[in-house]
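Peer 1: From first to last, the protein sequence lines are chains A and B. Going by this note's numbering, the first residue of the first sequence is number 1, and it counts up by one from there. Going by this note's numbering, the first residue of the second sequence is number 1001, and it counts up by one from there.
Hints listed in this document are in silico derivations from the structure and should not be mistaken for laboratory results. This one's a predicted model, so the numbers in the text were calculated from it and none came from an experiment. Among these hints, one or two may not hold up.
Stated by the list, open to error - Okay, the calculated beta carbon distance ranges per label pair:
id, chain 1, residue 1, chain 2, residue 2, range
1, B, T1227, A, A142, 47 to 53 Å
2, A, N137, B, V1225, 35 to 41 Å
3, B, R1053, A, A142, 44 to 50 Å
4, A, Q27, B, P1222, 49 to 55 Å
5, B, G1179, A, S121, 51 to 57 Å
6, B, S1080, A, G247, 27 to 33 Å
7, B, E1100, A, N137, 49 to 55 Å
For every residue, glycine included, the Cβ atom is placed at its ideal position computed from N, Cα and C.
Protein chains: 2
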Amino acid sequence: MSKNANIRDEARVVKGLPPAVILCEPQLGENIGTAARAMANFGLVDLRIVNPRDGWPSEKARAAASRADHVIDAVQVFDSVEAAIADLQFVFATTARSREISKPVHGPDEAAGIAVAHGASGNRVGYLFGRERWGLNNEEVALSDAIVTLPVEPEFASLNIAQAVLVCSYEWRKTANGGELPFRLDEETHPPAAKEDVVRFFEHLESALDTVNFFRPPERRPHMVRTLRNLFQKAQMTDQEVRAMRGIIAALEKREARPRKPRGEKSIDTSESES
Amino acid sequence: MSKNANIRDEARVVKGLPPAVILCEPQLGENIGTAARAMANFGLVDLRIVNPRDGWPSEKARAAASRADHVIDAVQVFDSVEAAIADLQFVFATTARSREISKPVHGPDEAAGIAVAHGASGNRVGYLFGRERWGLNNEEVALSDAIVTLPVEPEFASLNIAQAVLVCSYEWRKTANGGELPFRLDEETHPPAAKEDVVRFFEHLESALDTVNFFRPPERRPHMVRTLRNLFQKAQMTDQEVRAMRGIIAALEKREARPRKPRGEKSIDTSESES
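Please model the complete structure; the sequences and the hints are all you need to start from.
Peer 2: Okay, structure coming up:
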């Protein structure tokens, strides 16, 4: 995606230490790379891998990481989960299967809240993800503080590692920067029009419609006027939009020099009529 | 992932009509398939594609969809965005770039709230995603009601279509089923122990520690006792866990028939000593 010059500063601010991501015995280099890319999108950079099946470095991982070279270059490789999490103070184990383990279970949003709170205190947090085929074993889960599971459709739970990393990373960043988006509706340069301008537009429109006998029968006029006014209010028009609408009505008014033919009557020529 | 017999029923219940996903001129069949897989994980099934570059059907798409055949089989192909969204009543356009367009901008979570509200009223909603390389054009955005953008790290915004579909689908389901997870900590079959059992464990532990003169100097005892009690309270032990701890202390007490050697003194044999 192209760099956006109009990024809001608030979107850049993230609270506290970002968590590490630990992949336990990842089988496919491509998955490592896609996980790295997912992390980079949400500002995570600390990727650790335990006993990657195909070793490290991995060109497949680098290729799949797209532009996330900064994450790939900083990958740390360990030969055990214990070593990979040694310096961490709170570890989430992600799993799709209930294990009857005495451990709290959180969704990624709840986990993000915990991770951000720890990070704000300077505590180091990690998210542990398992193998493509069968996730984490119970001993690995026992090394963690809490379980994270995603609210998937139970009949079709088949998220891969990188997808789980993506969702957890997304939730972390959303919490860590208070949900600030890179851009918002540009309320500063395109504010809504003031009501006096909006009402003047309404009156202009209604007057033009009166001229063409739009409101028939006359008893319906108040209801139709309210309908039109409510319709346009929903558009929350800016000054520019109000001016555009008034220009449209003015243009239509000029064309309407030839009155509309009532049924069964001859047309009336006027000197202002256009061809 | 293996089917889990212990899925909570609440995780299956989803409120209202699920949204459609529309991919505008997708270039890679693989991305279509990964999007389908992402959708299926979160219970979305209505995938529509507009002018797929490599046509349809697509074996690459089916392969990448993994088990999401039900989504692939139901894909509808259109030759314009207008046709693809014709029956929808509210459309989100996903984009990473600010466009100075007079249109509300939401994060995926806010969008999910709107989508679920519409779905609960029976209104048909869709999420429109753009081309791999350059997203949606302004005319396509103008066909939508609101913009969705993800809270990415501005310096590294490079989510691909399927990743954006994943996050939007995840947020939708999370909102639609009230955040219910497939499983939780099994509080019914493994409830926390009652305090009288916990306190009996504490007293057992403290008595065992008294026997081995652990609390020295004696003035420190109250502080150490509180420290240990607070520590174990954090574990929120179940009955099973309390019994396990009491068994551990009992075993250690039996072994401790030989008192610990104070510094500089000879060991004292007793008839209960073990080798």
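Peer 1: If a hint holds in the structure, say so; if it does not, say that too.
Peer 2: To see whether the hints hold, each was checked on the structure:
1. The hinted range of 47 to 53 Å is not satisfied by T1227 of chain B and A142 of chain A, whose Cβ atoms lie roughly 24 Å apart.
2. At roughly 37 Å, the beta carbons of N137 of chain A and V1225 of chain B sit within the given window of 35 to 41 Å.
3. In this structure, R1053 of chain B and A142 of chain A meet the distance hint of 44 to 50 Å, their C-beta atoms being roughly 48 Å apart.
4. For the hinted restraint 49 to 55 Å between Q27 of chain A and P1222 of chain B, the CB-CB distance of approximately 54 Å keeps it satisfied.
5. The hinted window of 51 to 57 Å between G1179 of chain B and S121 of chain A is violated, with their beta carbons roughly 25 Å apart.
6. Against the hinted window of 27 to 33 Å, the Cβ-Cβ separation of S1080 of chain B and G247 of chain A comes to about 29 Å, which satisfies the hint.
7. Remark: the range hint 49 to 55 Å for E1100 of chain B to N137 of chain A is upheld by a beta-carbon distance near 52 Å.
Against the hints set out earlier in the document, violations occur for numbers 1, 5.
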